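Chain A is already provided as a structure; the job is to place chain B on it using the hints.
There are 2 protein chains.
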Amino acid sequence: MLQSDTVNRRYVLAARPQGLPAPAHFRFEQTSVPTPNHGEVLLRTLYLSLDPYMRNLMDEAGPGYAPSIGIGEPMVGATVSRVVASRHPAFQAGELVLANAGWQDYTLSDGMDLTPVGTLRQPALALSGLGMPAFTAYVGLLDIGNPQPGETVVVAAATGAVGSVVGQVARLKGARVVGIAGGADKCKYAVDELGFDACLDRHDPALAQRLGAACPDGIDIYFENVGGPVFDAVLPLLNLRARIPVCGFIAHYNDAVTSAGPDRLPALTKAVLQKRLRMEGFIILDHYERRYDAFRHDMARWIEAGVVKVREDIVEGLEAAPAAFAGMLEGKNFGKLVVHVAP
Amino acid sequence: MLQSDTVNRRYVLAARPQGLPAPAHFRFEQTSVPTPNHGEVLLRTLYLSLDPYMRNLMDEAGPGYAPSIGIGEPMVGATVSRVVASRHPAFQAGELVLANAGWQDYTLSDGMDLTPVGTLRQPALALSGLGMPAFTAYVGLLDIGNPQPGETVVVAAATGAVGSVVGQVARLKGARVVGIAGGADKCKYAVDELGFDACLDRHDPALAQRLGAACPDGIDIYFENVGGPVFDAVLPLLNLRARIPVCGFIAHYNDAVTSAGPDRLPALTKAVLQKRLRMEGFIILDHYERRYDAFRHDMARWIEAGVVKVREDIVEGLEAAPAAFAGMLEGKNFGKLVVHVAP
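Residue numbers (numbering that gives the first Met the number 0), protein chains in the order written: chain A, 0 to 342; chain B, 0 to 342.
If you're looking for bench data, these hints aren't it; they were derived computationally from the structure.
Please read all numbers here as calculations on a predicted model, not as lab measurements.
Heads up, some of the hints might be wrong.
Stated by the list, open to error - Beta-carbon label-pair distances, calculated as ranges: (1) A:E72 - B:P215: 29 to 35 Å; (2) B:R300 - A:G194: 52 to 58 Å; (3) B:E72 - A:Q147: 33 to 39 Å; (4) A:Q147 - B:G18: 39 to 45 Å; (5) A:T114 - B:E192: 55 to 61 Å; (6) A:G194 - B:A259: 39 to 45 Å; (7) A:P215 - B:A14: 24 to 30 Å; (8) B:Y291 - A:L171: 36 to 42 Å; (9) B:D203 - A:D292: 38 to 44 Å.
Note that beta-carbon positions come from the ideal geometry of N, C-alpha and C, so glycine has one too.
Excised from the complex, chain A in its bound form (with noise of 0.2 Å):
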């Protein structure tokens, strides 16, 4: 059934997953619509942010930078949002905001963690290329990776939310840009419509060959947001004192038990110490108050002038979510992914 204006539909978690999530670990419920009290506002959602980290969320010990999501209690994610009714002075009837009210069509907000949208054109672009994600990418780049003219730098997941974006401002600061992504077609867009220098398939038997090849001066930055083969391929090829900004590992979010052997940890060390690598993980949380605006203005008008282009995958309908959420973790999602909830 499609929103409507008397029953909130929401998908809440039901079972932890072990591995990948099925349709089993979400339960579909329609419960009434909530009432604001004083100094609240009620939303409704158009648009859901479906991103890696959930999954994290959905794990009983939860990943310690926010907490996990209790049973029978709705899926979180970023939303853009409309305030149906204000009982708050800050916000009016009709405005568009970037929200959390998750999995659902309706939530209520006392306002202390709304923004509002204001005039895009495309709201969903408050999620994608404005969004957490594209600040994820800007903060870890240039904070910690600091590309520098004519370094090399490497990404996974390249046409995705997270590293469509590290490879294009990495491009834009000078640094040669070798992606990493599942499938000829992501590839062929990463280097011609992105930018990218070159773009490897993930599923290339031959992957760290090529990645040897495509890197002829070494990899001076290697932005972590997949983990996995992909950081094998990568860890012979960095430079001295190369930098990795880990943000993400989605290759092992999945991981239902320790990881068989061999144990890659002296490797690692051994390549950290001889090659003076600094490795350093960021969550994006913490940056916001300190990074935010400027992230915001500089990305506002690199997507304006067109230097940077962002790609939306966007599925329709709240019952679509938990298949492509699923569908994400596995690579399939082209661009950001995005529930469209409501008109």
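For chain B alone, kept in the frame of chain A given last:
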């Protein structure tokens, strides 16, 4: 035989070890003492420093930061040497210099790599408290670790040439210091003499548990100079934004083959991300130009004032070098290992 005026005794690399070096990997040779050409000095070795990095130089691949030792070439090493004869205007016969004579009685130098030792009461101090390992501790702890008052610092090989300085300087900066060392004697020394807040025995089967008890506020800096099981005990205790200067991984120097599983890399990557860790390797050779003067000034003052104590483990005679070196790689030394080659 003892050092003579006419014979140069030396140890050359006879074979590349797989694992721990044994006597068969070194060959004792006697050659003639070389004669300095114009612009050269002839040096006689008084003290030879034995350090874990030398193990890496015995591998064919080499560590990257310095060339591998060739088969039949003298083992390398820093020395305190006396200028025996000089055809170099900057050096006088009789002068003591910090040199790189290696495991032998005599060598020639063009002076480029020599530093006057000056008037140290204990010349071996130029290899220990004022030497490369102490400088390694200084740069890694202060420049990468950046300890703040009240933070918790953990360092292994706590009574060794690097670890002892890391701990003492961290205490000077107001941090709480927990050491890990091999055996009760070393642990007692770390607490009673070096002023560590606690020190745990690395052989203790309950090390991980005891480390947790010794670090009730978690760990803010782990100075990585050993690798292996200590790292595994440290990882779960690291605080948000903890720093890991990586200066060595002695536990793996003798690994002959790829380590067996489980693969610990995914867990590390996960921790780096979720805890926003910074892991950074450094090679001390890179830092002499920028930081050596500050180190020399600070450390001489601290040693003079007695707030940093230096323990040397001095073995007598060049013949003792191979066994002492192998013992050091197993943690048998107690203090900075130095060979007293000639009076």
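Taking the hints in turn, this is what the structure says about them:
1. A:E72 - B:P215: 29 to 35 Å: 32 Å, holds
2. B:R300 - A:G194: 52 to 58 Å: Given a distance of about 55 Å, which is inside 52 to 58 Å, the answer is holds.
3. B:E72 - A:Q147: 33 to 39 Å: 37 Å, holds
4. A:Q147 - B:G18: 39 to 45 Å: Since the Cβ atoms of Q147 (chain A) and G18 (chain B) sit about 41 Å apart, the hinted range of 39 to 45 Å holds.
5. A:T114 - B:E192: 55 to 61 Å: 57 Å, holds
6. A:G194 - B:A259: 39 to 45 Å: Holds, at about 44 Å.
7. A:P215 - B:A14: 24 to 30 Å: 36 Å, violated
8. B:Y291 - A:L171: 36 to 42 Å: Given a distance of about 38 Å, which is inside 36 to 42 Å, the answer is holds.
9. B:D203 - A:D292: 38 to 44 Å: About 51 Å separates the Cβ atoms of D203 (chain B) and D292 (chain A), which means 38 to 44 Å is violated.
When held up to the earlier numbered hints, the structure conflicts with 7 and 9 and fits the remainder.
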